[in-house]
Amino acid sequence: MAAPRDTPNRAQRLVGGWWGPAVGMSALGFYATATAPRDEAGREIFFNVPAGPWAVYVFFAALVGLLVWGFVRHASLWGIGRPTPGLFRDIPQRLRNTARLGLAQDKVRRDRYAGIMHWCIMSSIVVLTLVTAQVAIEADTPLNFLHGDYYLFFSFYGDLFGVIGLVGVGMALYRRYFADFHRIRWDERLEDHIIIVGLGLVLLTGFVVEGARILVTELDAHPDWAVWSFGGFAFAKGLEIFNFAEDQVLFLHEATWWVHVSIAFLWLGMIVFTRLDHLFFAPINAFFLRTDSQGRLAKIENIEEQEVFGVGYVQDFTWKQLFELDACVRCGRCTDVCPANIAGQPLSPMHLIQDLKAHLADVGPAIQQHRHEHGDAGREVSPVALVGEVILDETLWACRTCGACVQECPVMIEHVPTIVDMRRFLVMNEARIPATAQGALENLEMRGHPWRGTSLERTTWMEGLGDVPLFDGSQEYLYWVGCSGSLVERNLPVTTAVFRLLRESGASFGVLGQEETCNGDPARRLGNEYLYQILAQQLVETFKAKNVQKVITNCPHCFNTFKNEYPQFDGYFEVLHHTEFLSKAMQDGSLKATHPIAADVTYHDSCYLGRMNGIYDAPRQIIEMVPGATLTEMQRTLSKGLCCGAGGGNMWQEEVGERRVNHVRSEEAINTGASQLISNCPFCIQMFEDGVPAVQPEEEGRMRPFDIAELLEDAVFGPKAKEETPAAAGDSSD
Amino acid sequence: MHIVVCAKQIPDPETPPSAFKIDAATNKVVPAQGIAPVLSQFDAIAAEAALRIKEAGGEGKVTVISMGAESAQAAIKQVLAMGADEGVLLNDPAFEDGDSHTTAKVLASAIQKLGDVDAVFCGRQAADWDMGQVGLLIAEILDWPVATIAKGASLEGETLSVERVLADGFETVQVPFPAVVTVSNEFGEPRYPKLPQIMAAAKKTVTQMKAGDLGLDPSEVGKAGSRLQLQKLFIPEKGAQVEFIAGDTPQEQAAALVSKLRADKLI
Amino acid sequence: MPQNILVVGELENGAPSTVTLELLGGAAALAAGGSVSVSLLGSGATAAAAQAAGASKAFVSDDANYDTFRGEQWLPAVQAAVEQSGATLVLMAQSTAGRELGPRLAHRLNTAVAMDCVKVEDAGGALQFTRPAYGGNAQATYTIATNPAIATVRPKSFDEATGAGASETAELPAAGASRVNVVGKEVTESEGLALTDAPIVVAGGRGLGAPEGFETLRELAAALGKDKAAVGASRAAVDLGWFPPSEQIGLTGKVVTPDLYIAIAISGASQHMAGASGSKTIVGVNRDKDANIFDFSKYGVVGDWKQVIPALIEELKK
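Chains as they are written, first to last, in our numbering: chain A, 12 to 745; chain B, 543 to 809; chain C, 1286 to 1603.
Please keep in mind that the hints were generated in silico from the structure rather than gathered at the bench. There's no promise every hint is true.
Just some of the chain A residues that point at chain C, by a computed CB distance under 10 Å [stated by the list, open to error]: (1) Gly459; (2) Arg463; (3) Thr465; (4) Glu500; (5) Arg501; (6) Glu669; (7) Arg671; (8) Pro708.
Below, a list of computed lysine-lysine pairs in the BS3-like style, where the Cα atoms sit at most 30 Å apart [claimed, not checked]: (9) C:Lys1591 to C:Lys1513; (10) C:Lys1404 to B:Lys774; (11) A:Lys310 to B:Lys619; (12) C:Lys1441 to B:Lys807; (13) C:Lys1539 to B:Lys736; (14) C:Lys1470 to B:Lys693; (15) C:Lys1470 to B:Lys802; (16) C:Lys1603 to B:Lys807; (17) A:Lys557 to A:Lys310.
Note that the Cβ used here is the ideal one computed from N, Cα and C, for glycine as well.
Just need the whole structure built from these sequences, with the hints factored in.
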């Protein structure tokens, strides 16, 4: 398979490589030092500020002390968490993540404006820190290199990044104070104003200090040096207009220097108390980011021996989960893309993380003290319940586990596992579940499938298909039909379409028929890890007993479970989603789409095929190869695609909130003007069957949801006589 | 307060009609492949009602009793997982194929053997045969008052206050202990078991009793003791296909439909 | 074979209830030369005896304590009526009273009861009782070896008796004590028949086009009988705010298993059918003859509900 289409391209990658040149420039400085003659361009360090040296070092010492104190304080809170397994596996991958996601900020750029703004500010801070460090080295070590051509170059890039920093600050100010309603104001605090205004002041006063110095020492004496510090030069020129006496300029210089240095250190000190700490925590969290699939939830090992199931007390999170709370910068990107939030439902991932962080700060020290004194877990220490009071049940249930928040988070927070951990507590420990979800779970336990009240059997779909081979270990593939594919009326045509296409392709395959049972995905997503483990273990054993090697699924949830989660149960199978198999079959010619399907279609990426498993190309290749079909993408597509609303067990829940997610997504699809909404997931199809008519009450010209296999089935075998609705034929253009 | 919950394991009522088969020779339902028997939903609700009373009272004991084969352990464990304290399985080949009367006799004997029981909670009917007799018959055998088809039950001093569903509403009755209550689905969903309790239930031993333990003679229980005799169990003929109602006008269609529904005794 | 039959009657507004008359109708057919008598308890019972068509003798008590059904009070009276009438068959309705009396009376008379019968017939000497089981998937036929046989019968199983009422009455004892004490009663207004209990459910979907459509459905339910039919909605209609969520039928709403389910302008999506497919008879009304609902329906009406339903209401009122 080709690489997913929306990994950052090369040009974008280079933008993230800003730090390369900056570090290079600094290295150049050290190299330039030895040979240059003494009387060339240069400046007196601590010019005009006799008390400067001791002040800077006192400030610096205080800052270092503060940072250490702050780190220890934070770290002691993280320390109440449980051990984090596997954090130091895959070190090369983790280092790559740190470089790409931490230093090069791949994710920050998913919002272009923020990407530029953040690059300006971050590069400015790093380069100016290096500039300052060079000044310190010049002043306090035997090394003398800030003179001659390098000094001029040094002056130039120092000023350049000062100006870049101001541009970034300007963009930030614009967004915060002048742009329309924006996600960064969803949880705005005083520190946000202080940070950005403070940074602007540091940069501005820096230029004033430099300007005053240049006015006194360079403007007349060495104008050819002065122009290299173009920022300071401009300020000097500005000051010149006022015709101040020299001692007035010197006073201005000294006073501003103190202001500049004080604010700069205060600003750096804020790292300890504000979200500026992401400066360290974001790259570290990039290192901690999971290296396995996002689609895999953690297995509770030895589940029968746990004291508490899931996370109902803050100390039951892993320390990595607690650590990443501190990385959050309240940018709101997660909430902005959260399907629940978009539909006005009671979940904001950002607020959830912030609420957890505040709760940790509230009760963490007492828990720590309790542990110190009593040595037990201290679960009774917190006066408020984490689940139910700090985080409401309805918030946890609103999550679709779609991973959009995780995908967007620029500091690599993984919200979904944290939410599911709390769900596990709700379900297994407290048994507090929405009634309909409870019904689905009970059905899973009693009947091995979540579809309460179905009147179908697992073999109903086979009627009229002739000989349906049962898998006996001799075939290459097991075609896994799934509960939705066999027990939900709407999905039977999808199942038969995939079956007919597999047969046509000449593939060697069989099905399990009555022996199929749920693989446990709904149980795991709904938080019943215990039930999941029972179901998963049983099925892994069945697969092994039947000598299953390769599995084709028509459901991305089954696909994800087999592929990413069954290895936790020692079940290693080669798993293909039908889109993968079918696109390959078309490419190698074993399937031929010969019947034109004149249809405008749009394509919906299901979360568990797209975001969780990176399969974006295969389905689009199929659509491209269907003669006559034209694809119009929705605004939110590929990794930014919006969930249909069914994920995370929400297929079996009543939604609470202003709108239904499936209505929102259906509306987005309808807005493309396409006549067919193509997806790849039985849940998505059901959600759209419900959502599209809600948005388009008129039956005439209504968009119709289909699985991609249904589209392809028509293109390979010719449109079925059954499909006599105008929309299916694609001639209902409006 | 010691409450006994009577629980029955039944073939899954949600078995798809196409998988529902009857063995004409034995007049029995053929267990559908891959479809396990379940706890009758009304009995699960009865357990919920009993547990709520126990919890409201602060202390007490709930014992779940089931008459059935070894597989009925699963139904007992399910109620234990909900929070019941003890389980009793009345498992004896002699009990098989009885009617409501023999079932009630076996259950009532077990309740008498337990001795200190204050109340018996049953489902309003078993969701397989839908007879709705056993709770009433236990009350008759024990000569206890009974309140049927409850949608609510609570302790009120020394008596039990029960809300009963009627055709046109509901009534509230007060019943002195010991008493029998049959619980209806209007009571609400049974609780979802907590995992710690599931694990505890798995470890509990279910007491087994046979006819001899209850002082019952095999001739008075099971098929031998039955008064209601099943002659034939069959799947009624069904129009496999939808019958479209003919008629040139809506009025004609309406008239034809009404006469069909009347003929079927549906209206 | 001749049977002496006692019908355990119930009073409704001072007269034998509809189902009592149905039982008397059935009794007349089954008696085959035996006697048919009726028991009536509560205020106005003696007067009502004259309206108990088909019964030759009525066992009555006008004691107002019988007005509210209490099993412990009714049982001795009914038992006395059985003994005095020499009944070999006791018929009662599958009603609140019948559900309780049947098993208890059977116990006290050392016999058995067949509950919720839809058919009682004399098959060559032995009475056979047929009743649905397994959620309507099956039917079971029973015989009762002990005497008398008792059956509770589902309403609408027999045609109502016609003709003269009981010419002879015998007095039953006044009501005794009851350990079960009725302390309050709440009658639910006509709309309140619980969806899950109603023997007939009329359900509407998005195809109704507007919330006003449910008014028409309510009229239909009223025409079918306020004590029998309830109105429900598909999730699509509930989502549109046309009907309260508490009355939603489907996967995420209520599961109903009425005898008759009339789905109007409902496509029959699986999520909806999850809540209704257990219905014993489904009637679909839809414009689209390929609508999924017809896969589940026994009877289908293809047409515009706006025309079909008012016509149906008219027909029912006839």
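Tell me if A:Glu500 is really an interface residue toward chain C, meaning its C-beta lies closer than 10 Å to one of theirs. holds, 4 Å
Given A:Gly459 as an interface hint, is its Cβ closer than 10 Å to any Cβ of chain C? violated, 16 Å
Proposed proximity, B:Lys619 with A:Lys310 (alpha carbon, max 30 Å): holds, 26 Å
Quick one, are C:Lys1404 and B:Lys774 close enough, alpha carbons at most 30 Å? holds, 14 Å
Pairwise hint evaluation, B:Lys802 against C:Lys1470, where the allowed Cα distance is 30 Å at most: violated, 37 Å
Does A:Pro708 hold up as a contact with chain C if the rule is Cβ-Cβ below 10 Å? holds, 7 Å
Per-residue hint verdict: A:Arg671, partner chain C, C-beta under 10 Å: The hint holds - A:Arg671 has a Cβ within 10 Å of chain C, the shortest such distance being about 7 Å.
Hint validation: A:Arg501 versus chain C, beta carbon distance must be below 10 Å. Holds or violated? At about 6 Å, which falls below the 10 Å cut-off, the nearest Cβ of chain C leaves the hint on A:Arg501 intact, so it holds.
Hey, C:Lys1539 versus B:Lys736, does the alpha-carbon distance stay inside 30 Å? Roughly 24 Å separates the two Cα atoms, so the pair holds.
Less than 10 Å between beta-carbons is the criterion; does A:Thr465 satisfy it with respect to chain C? Interface hint status for A:Thr465: holds (7 Å vs cutoff 10 Å).
Hinted pair, alpha-carbon criterion (30 Å max): C:Lys1591, C:Lys1513. Please report holds or violated. This hinted pair holds, its Cα atoms lying about 23 Å apart.
Given the hinted pair A:Lys557 and A:Lys310, is their Cα-Cα distance within 30 Å? holds, 25 Å
Of the numbered hints stated above, those contradicted by the structure are hints 1, 6 and 15, listed in ascending order.
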